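Residue-level listing of the chains:
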Amino acid sequence: MKPKEGISASDKEKNRLGNTGRFSFVMLLLGCMLILALVVNVNIGSVSVAVKDVFRMIGDGIRYGVANICTKGGYAQEFNSVINGSTESQILFRIRIPRMLLAAVLGGALSVSGYLLQVFFRNPIAGPFVLGISSGAKMVVGITLIFLAPYIGSISSLTLILAAFLGSLLITFIVLLFSQKVRTMSILLVVGIMVGYICGAVTDFCITFANDHDVVNLTNWSMGAFAGASWDNVRAALLICIPGILLALLLSKPISAYALGEGYAQSMGIRIKPFRILLILLSSLLSASVTALAGPISFVGIAVPHITRILLRSSKPIFVIPATFLCGAVFCVFCDLIARTVFAPTELAIGTVTSVFGAPIVIYMMVKRRRAQED
Amino acid sequence: MDYYFKTENLSVGYNGNTLIRDINVKLEKGKILTLIGPNGAGKSTILKSITRQLDTIRGSVYINAQEISEWSPKDMAKQVAVVLTDRIRPELMTCAEVVAMGRYPYTNLFGKLTPKDREAVREALERVHALDLAEQDFTTLSDGQRQRIMLARAICQEPEIIVLDEPTAYLDIRHKIELLDILREMAQKKDIIVIMSLHEIDLAMKISDYLLCVKGDTIEAFGPPEVILENRTIEHLYDLSNGSYNLLFGSIELTKPKGAPRVFVVAGGGYGISFYRALQKREVPFATGILFENDVDCQVATELSNHVVAAPAFEAMTDEHFGKASSLLLQCEAVIDAGTPAGSFNRLNLKLLELAENNSIPIHCGKSAAEAHSWNT
Numbered sequence: 024m025k026p027k028e029g030i031s032a033s034d035k036e037k038n039r040l041g042n043t044g045r046f047s048f049v050m051l052l053l054g055c056m057l058i059l060a061l062v063v064n065v066n067i068g069s070v071s072v073a074v075k076d077v078f079r080m081i082g083d084g085i086r087y088g089v090a091n092i093c094t095k096g097g098y099a100q101e102f103n104s105v106i107n108g109s110t111e112s113q114i115l116f117r118i119r120i121p122r123m124l125l126a127a128v129l130g131g132a133l134s135v136s137g138y139l140l141q142v143f144f145r146n147p148i149a150g151p152f153v154l155g156i157s158s159g160a161k162m163v164v165g166i167t168l169i170f171l172a173p174y175i176g177s178i179s180s181l182t183l184i185l186a187a188f189l190g191s192l193l194i195t196f197i198v199l200l201f202s203q204k205v206r207t208m209s210i211l212l213v214v215g216i217m218v219g220y221i222c223g224a225v226t227d228f229c230i231t232f233a234n235d236h237d238v239v240n241l242t243n244w245s246m247g248a249f250a251g252a253s254w255d256n257v258r259a260a261l262l263i264c265i266p267g268i269l270l271a272l273l274l275s276k277p278i279s280a281y282a283l284g285e286g287y288a289q290s291m292g293i294r295i296k297p298f299r300i301l302l303i304l305l306s307s308l309l310s311a312s313v314t315a316l317a318g319p320i321s322f323v324g325i326a327v328p329h330i331t332r333i334l335l336r337s338s339k340p341i342f343v344i345p346a347t348f349l350c351g352a353v354f355c356v357f358c359d360l361i362a363r364t365v366f367a368p369t370e371l372a373i374g375t376v377t378s379v380f381g382a383p384i385v386i387y388m389m390v391k392r393r394r395a396q397e398d
Numbered sequence: 205m206d207y208y209f210k211t212e213n214l215s216v217g218y219n220g221n222t223l224i225r226d227i228n229v230k231l232e233k234g235k236i237l238t239l240i241g242p243n244g245a246g247k248s249t250i251l252k253s254i255t256r257q258l259d260t261i262r263g264s265v266y267i268n269a270q271e272i273s274e275w276s277p278k279d280m281a282k283q284v285a286v287v288l289t290d291r292i293r294p295e296l297m298t299c300a301e302v303v304a305m306g307r308y309p310y311t312n313l314f315g316k317l318t319p320k321d322r323e324a325v326r327e328a329l330e331r332v333h334a335l336d337l338a339e340q341d342f343t344t345l346s347d348g349q350r351q352r353i354m355l356a357r358a359i360c361q362e363p364e365i366i367v368l369d370e371p372t373a374y375l376d377i378r379h380k381i382e383l384l385d386i387l388r389e390m391a392q393k394k395d396i397i398v399i400m401s402l403h404e405i406d407l408a409m410k411i412s413d414y415l416l417c418v419k420g421d422t423i424e425a426f427g428p429p430e431v432i433l434e435n436r437t438i439e440h441l442y443d444l445s446n447g448s449y450n451l452l453f454g455s456i457e458l459t460k461p462k463g464a465p466r467v468f469v470v471a472g473g474g475y476g477i478s479f480y481r482a483l484q485k486r487e488v489p490f491a492t493g494i495l496f497e498n499d500v501d502c503q504v505a506t507e508l509s510n511h512v513v514a515a516p517a518f519e520a521m522t523d524e525h526f527g528k529a530s531s532l533l534l535q536c537e538a539v540i541d542a543g544t545p546a547g548s549f550n551r552l553n554l555k556l557l558e559l560a561e562n563n564s565i566p567i568h569c570g571k572s573a574a575e576a577h578s579w580n581t
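First to last, the sequence lines map onto chains A and B.
Letter 279 of the first sequence, counting from 1, is numbered 302 in the numbering used here, and no numbers are missing.
Letter 372 of the second sequence, counting from 1, is numbered 576 in the numbering used here, and no numbers are missing.
Honestly, the hints are just simulated from the structure, not real lab data.
None of these values were measured; they are calculated from a predicted model.
Careful, some of the hints might be misleading.
Calculated pairs, DSSO-like style, for lysine-lysine (alpha carbon to alpha carbon, straight line, at most 30 angstroms) [said to hold, decoys possible]:
no.	chain 1	residue 1	chain 2	residue 2
1	A	296	B	485
2	B	528	B	485
3	B	282	B	316
4	B	393	B	235
5	B	419	B	235
6	A	296	B	278
7	A	296	B	282
8	A	296	B	210
9	B	210	B	233
10	B	233	B	320
11	B	380	B	485
12	B	282	B	380
13	B	210	B	235
14	B	380	B	230
15	B	419	A	204
A few chain B residues that face chain A, going by a derived Cβ cut-off under 7 angstroms, partial list only [stated by the list, open to error]:
no.	residue
16	257
17	295
18	296
19	308
20	315
21	319
22	409
In this text, a Cβ means the ideal position worked out from N, Cα and C, and glycines have one as well.
Between the sequences and the hints, there should be enough to build the whole structure, so can you do that?
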């Protein structure tokens, strides 16, 4: 194949924004979309709140909240009155804002997790859901909810995160074992899907022998939803995700070299084994915390990094990681908005919405990749 | 002599199983070492072991008098850069970005390129004549261009040693020459050691300062190409019992036709070669003569036939040669006159043609092998 050369190509390169310029532009765009999403999301619902009230209440909330923290409780009363002052403010601060923040943080984390898996497997269609990792998390969470709940007592979000993390790691480990044997990515993906089915079977098996109350818990959880998000959830998500994303950013240099393959990466001075372990642990941790707090959410991990790369027209990790996080946040907040409002008052599972948007993107990618291989 | 790169009784292999034993190589700076040997002989295994992609099994590898296992990954990266056979597919990376990866051991925690790094990238691209490709997407390149970019990446790493695993695979002849020229230049001007594996023995002979012949579990030979050339190492290395390898020309000839000669070619001065090849393609055993030993016809004929009558150069042919030639000629069904002009030294060839005529053996006069194709033997 003769590559396209000549004036037209080089002109196009010049017209392209510089890497950094494009990155800033994309980040700004995504940031604006996130703010828009915030307003729309908080504004729309069974009780609609006027936009200017939304801004006023959030402004007050932040002001008194900060003041309250600075003076160590000096403004507690004012702060409470802002939050509990009216039905609207209660809906805003107790339901909609935590829900939206959770959707944003977890969506971002899930996308970055998917991105890290794609780096690890050097394949754009790797993702926590495709490789059966989400199903593994669900299985262990199910076992915890059904069989261990009586012994532990109340199930906190930390317990759930631990259970999901354990499940994720277990499946990741199994998939890794297979990846030593089979070098072909497509077979590995099939293995992942099959392992996912086995986990599903085990989960179903547990459900058969569980009492109704636990099953309802598990079903609600595994529908995947940001409904019922509390500030505790948001705090837990932030505590795990922010360090996770920062760590991913610190890995951006080896990640970029790893794109050239293990052989080259090693020759440039990367210690491959520790790097791979770190990558997979980080990815599992991020996807596990999402799975634990919001249930298995499909396709975000695959679709969002891909969209981000298209937007950035670059695969530099130092740009892609933050942009992926932001893009995932926007994607999930909008998907949650759709899940919440389209058939209101009935809510859709978030996974339903993300699948509708995510799956076509995955199909498109597979077709395009196949074509590129045939060239 | 100051050896920058050295192996001592090195044994390499996979999973603790020794594949090749007792590798002893010594190289000064600016030298080119080429590994040759049949497929699966373990050339890549050796290259992977000296670049630390594989653990060595026994023995040592020294770079600048320090064992390679003692180098930190970063310092090792400043010593050795590689060009591998891996077909990489980095998404959305321009060639300049791929080349800039070579700066990895020099950049900060986030891989930020300084003006000095950018200059190194530009220089490396220039050295492989690929400046115009800088902004192009890597995945759109042809094989030849890819290989040049990967070489630029290695150059950009500013190593003392470049290790290349079959860098000329997938390349057409022009790109092979270009690539090897660049390597030669790097070795000469920058005093870099080049260690690579090649399948083309002829090119290996021409570019290398040293050859390492790898065969199965041992090293067949290590030394300058001239020394390897003298012995029949190459035939032995590749177990060439049928075809042959002409060391002087670096050309490969296919298997000789078997049996008693059926055609006699009167040739000399290069006129005969096309006829020899035409006959060999149709598996017709032939005899030829009378050729001077320094004649190209003689070089090729000896690779293709067991029945070559050769005479010492710079002297007139003698009756002894004529006797040999005529007895061969009389066994044949046909004679080809390749059209070699007769001079005072090779006049006996005319007598051979006369002899054929007298014995009513058909004589074909040919100007080219194209005619030979239409003959019905």
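- Item | Restraint status (C-alpha distance of residue 296/A to residue 278/B at most 30 angstroms) | Holds. Residue 296/A to residue 278/B sits at ~15 angstroms (cutoff 30 angstroms).
- Query: Taking only the CA atoms, is the gap from residue 210/B to residue 233/B under or equal to 30 angstroms?
  - Reply: 11 angstroms, holds
- Message: Quick check on the hint: residue 257/B CB to chain A CB, less than 7 angstroms?
- Response: 6 angstroms, holds
- Query: Does residue 204/A lie within 30 angstroms of residue 419/B when you go C-alpha to C-alpha?
  - Reply: At roughly 28 angstroms apart (the allowed maximum being 30 angstroms), residue 204/A and residue 419/B satisfy the hint.
- Message: Tell me if the straight-line CA distance from residue 233/B to residue 320/B falls inside 30 angstroms.
- Response: With a Cα-Cα distance of about 25 angstroms, the restraint between residue 233/B and residue 320/B holds, given a limit of 30 angstroms.
- Task: Would you check the hint for residue 380/B and residue 485/B, treating anything up to 30 angstroms between C-alpha atoms as holding?
- Result: 28 angstroms, holds
- Task: For the pair supplied as a hint, residue 528/B and residue 485/B, confirm whether the alpha-carbon distance does not exceed 30 angstroms.
- Result: Holds, at roughly 26 angstroms.
- Once the shortest beta carbon distance from residue 315/B to chain A is found, is it less than 7 angstroms? This hint holds: residue 315/B lies near chain A, its Cβ roughly 4 angstroms from the closest one there, short of 7 angstroms.
- Message: Check the hint pairing residue 282/B with residue 316/B against an upper bound of 30 angstroms on the C-alpha distance.
- Response: 17 angstroms, holds
- Query: Within 30 angstroms, alpha carbon to alpha carbon, are residue 296/A and residue 282/B?
  - Reply: Within the cut-off at roughly 20 angstroms; holds.
- Item | Agreement of residue 393/B and residue 235/B with the hint, judged by alpha carbon distance not exceeding 30 angstroms | Cα-Cα ~11 angstroms, so holds.
- Query: Holds or violated: residue 308/B as interface residue toward chain A, Cβ cutoff 7 angstroms?
  - Reply: Since the shortest Cβ distance to chain A is 4 angstroms, the answer is holds.
Hints 1, 21, 22, counting from the list given before, are not met by this structure.
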